[in-house]
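Peer 1: This is what each chain is made of:
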Amino acid sequence: EDQVTQSPEALRLQEGESSSLNCSYTVSGLRGLFWYRQDPGKGPEFLFTLYSAGEEKEKERLKATLTKKESFLHITAPKPEDSATYLCALSTGFQKLVFGTGTRLLVSP
Amino acid sequence: DSGVTQTPKHLITATGQRVTLRCSPRSGDLSVYWYQQSLDQGLQFLIQYYNGEERAKGNILERFSAQQFPDLHSELNLSSLELGDSALYFCASSVGKGNTEAFFGQGTRLTVV
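Chains as they are written, first to last, in the working numbering: chain A, 2 to 110; chain B, 1225 to 1337.
The hints are simulated quantities; they were obtained by calculation from the structure and are not laboratory data. Take the hints with a grain of salt, since some may be wrong.
[Claimed, not checked] Selected chain A positions facing chain B (in silico; Cβ < 8 Å):
#, residue
1, PHE35
2, LYS43
3, GLY44
4, PRO45
5, PHE47
6, THR50
7, SER92
8, LYS97
9, LEU98
10, PHE100
11, THR102
12, GLY103
Ideal Cβ placement from N, Cα and C applies to all residues, glycine included.
Modelling step: build the complete structure from the supplied sequences, incorporating the hints.
Peer 2: Spelled out as structure tokens, the structure:
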């Protein structure tokens, strides 16, 4: 069964304190790995898509990487406005996204 | 703004009732997906339509149904509502049939009392 596990469940950082979020997955045929950001009560906001091991993508303070078994979302020098829940999702051969339960990130000033 | 529009934003209804949630996809997107998000379960895929046809089905209850119309907007119908159906319901759209980035609406918060 296709499965996504995100860790940690929650992470508290000081402004400027870099860290990484982990997304481990098991899938029969990976068609893409997606990262989303979700603010409370809002819809997920698309961040990145990664398709193959070794691929990396960057956007502002965020960088996503992919291996054959996991993906990392690196946050460099975070700011309070980066506080949100970060969701990882797999796209499989069955046309749907399988989501992890997310990492709640809180960045304090 | 993702370009995906969902209405209504909030809905409060009684057990046993039926409601309809509406979604307008981004201009040019042919796929519409419905997801349910509850506090204890995270985002659960319900169903996908592509250009008017059902393409994939997830954990959608028999009391729930959906359709995509010729103008590509979609409706999710929830009937015989139970307290446990209270959740955020999200619609997402994408250009292709799958495996491409999907853009989410702001959701409909359904409360069943």
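Peer 1: So which of the earlier hints does this model not fit?
Peer 2: Checked against the structure, no hint fails, so every one of them is satisfied.
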